[in-house]
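Student: Each chain is listed here by its residues.
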Amino acid sequence: DAKTTQPPSMDCAEGRAANLPCNHSTISGNEYVYWYRQIHSQGPQYIIHGLKNNETNEMASLIITEDRKSSTLILPHATLRDTAVYYCIVSKAAGNKLTFGGGTRVLVKP
Amino acid sequence: GAVVSQHPSWVICKSGTSVKIECRSLDFQATTMFWYRQFPKQSLMLMATSNEGSKATYEQGVEKDKFLINHASLTLSTLTVTSAHPEDSSFYICSAIGLAGAEETQYFGPGTRLLVL
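Read top to bottom, the protein sequences are chains Z and D.
Using my numbering, you'd call the opening residue of the first sequence number 630 and step up by one each time.
Using my numbering, you'd call the opening residue of the second sequence number 2 and step up by one each time.
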């Protein structure tokens, strides 16, 4: 699976949109981009995934560039409960093992 | 989304004893489950892939005789840490493949924190 690069940490203000970048320049055509988050002392929580098109669900939006070499996870209105480590993972399919990198530690401040 | 549970949520045991951790898919069937381990301030590391009705596949460096995995049904996988030692103290997390809309994705359990004294 392709490797991803994320900033180690970022702060955002409560109520504002949080934009989390991820680079995956070696992604292949059949690999998906998955986003998970891990709140302290809990198991990772699935957020969203996509292949080529932008995706939106009740938690977040995923914007994938046309060349698929990078993506952005958008939390539209960050709350204090969104403070977590966010992982961007590239994988061929959900049935494949996921390789977790360092992720981005997001701190939402009041 | 699909729900995965783990039991127990935390366990303390003496060095040399064995500990069993259960992972259940509550509202779906999972032919494949994964076991991960996470040490403090580190990311998740995959230990093994558990397939229903067959032997687990272990990642390089993970001792299969120490970490016994049994996936006897479509909703249950167990991880047994045999002869546990303090260095086995960690956060153990399982995941299972379920549906997110029309597509499959991995859902994670809440984790089991193991402390070996």
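These aren't lab readings, by the way, just hints derived from the structure by calculation.
You may find that some hints are simply not true.
Straight-line distance between alpha carbons at most 30 Å, and here's what the computed DSSO-like set of lysine-lysine pairs gives [to be verified]:
| # | chain 1 | residue 1 | chain 2 | residue 2 |
| --- | --- | --- | --- | --- |
| 1 | Z | Lys721 | D | Lys65 |
| 2 | D | Lys21 | Z | Lys681 |
| 3 | Z | Lys721 | D | Lys15 |
| 4 | Z | Lys681 | Z | Lys726 |
| 5 | D | Lys21 | D | Lys42 |
| 6 | Z | Lys632 | D | Lys56 |
| 7 | D | Lys67 | D | Lys56 |
| 8 | D | Lys67 | D | Lys21 |
| 9 | Z | Lys632 | D | Lys21 |
| 10 | D | Lys67 | Z | Lys726 |
Just the calculated beta-carbon pair ranges, DEER-fashion [claimed, not checked]:
| # | chain 1 | residue 1 | chain 2 | residue 2 | range |
| --- | --- | --- | --- | --- | --- |
| 11 | Z | Lys738 | D | Leu100 | 31 to 37 Å |
| 12 | D | Ser16 | Z | Gln671 | 24 to 30 Å |
| 13 | D | Glu88 | Z | Ser638 | 43 to 49 Å |
| 14 | Z | Ala722 | D | Ala73 | 23 to 29 Å |
| 15 | Z | Ala642 | D | Phe29 | 26 to 32 Å |
| 16 | Z | Arg710 | D | Asp28 | 33 to 39 Å |
| 17 | Z | His669 | D | Glu88 | 21 to 27 Å |
Because the structure is a prediction, the values reported are computed rather than measured.
Note that CB positions come from ideal geometry on N, CA and C, so glycine has one too.
Student: Now look at each hint and say whether the structure bears it out.
Tutor: Status of the hints after comparison with the structure:
1. Lys721(Z) with Lys65(D): holds, 26 Å
2. Lys21(D) with Lys681(Z): violated, 41 Å
3. Lys721(Z) with Lys15(D): violated, 41 Å
4. Lys681(Z) with Lys726(Z): holds, 21 Å
5. Lys21(D) with Lys42(D): holds, 24 Å
6. Lys632(Z) with Lys56(D): Distance ~28 Å between Lys632(Z) and Lys56(D) Cα, so the pair holds.
7. Lys67(D) with Lys56(D): holds, 14 Å
8. Lys67(D) with Lys21(D): This hinted pair holds, its Cα atoms lying about 12 Å apart.
9. Lys632(Z) with Lys21(D): Since the Cα atoms of Lys632(Z) and Lys21(D) sit roughly 33 Å apart, the hinted pair is violated (cutoff 30 Å).
10. Lys67(D) with Lys726(Z): Given that 30 Å is the threshold and the Cα spacing comes to 21 Å, the pair holds.
11. Lys738(Z) with Leu100(D): 31 to 37 Å: For Lys738(Z) and Leu100(D) the Cβ distance comes to about 36 Å; the hint holds.
12. Ser16(D) with Gln671(Z): 24 to 30 Å: holds, 27 Å
13. Glu88(D) with Ser638(Z): 43 to 49 Å: Check failed, 29 Å falls outside 43 to 49 Å.
14. Ala722(Z) with Ala73(D): 23 to 29 Å: Once the Cβ atoms are compared, 25 Å apart, the range 23 to 29 Å for Ala73(D) and Ala722(Z) holds.
15. Ala642(Z) with Phe29(D): 26 to 32 Å: Cβ of Ala642(Z) to Cβ of Phe29(D): about 38 Å, so the range 26 to 32 Å is violated.
16. Arg710(Z) with Asp28(D): 33 to 39 Å: Violated: the Cβ-Cβ distance is about 24 Å, outside 33 to 39 Å.
17. His669(Z) with Glu88(D): 21 to 27 Å: Hint holds: Cβ distance 23 Å, inside 21 to 27 Å.
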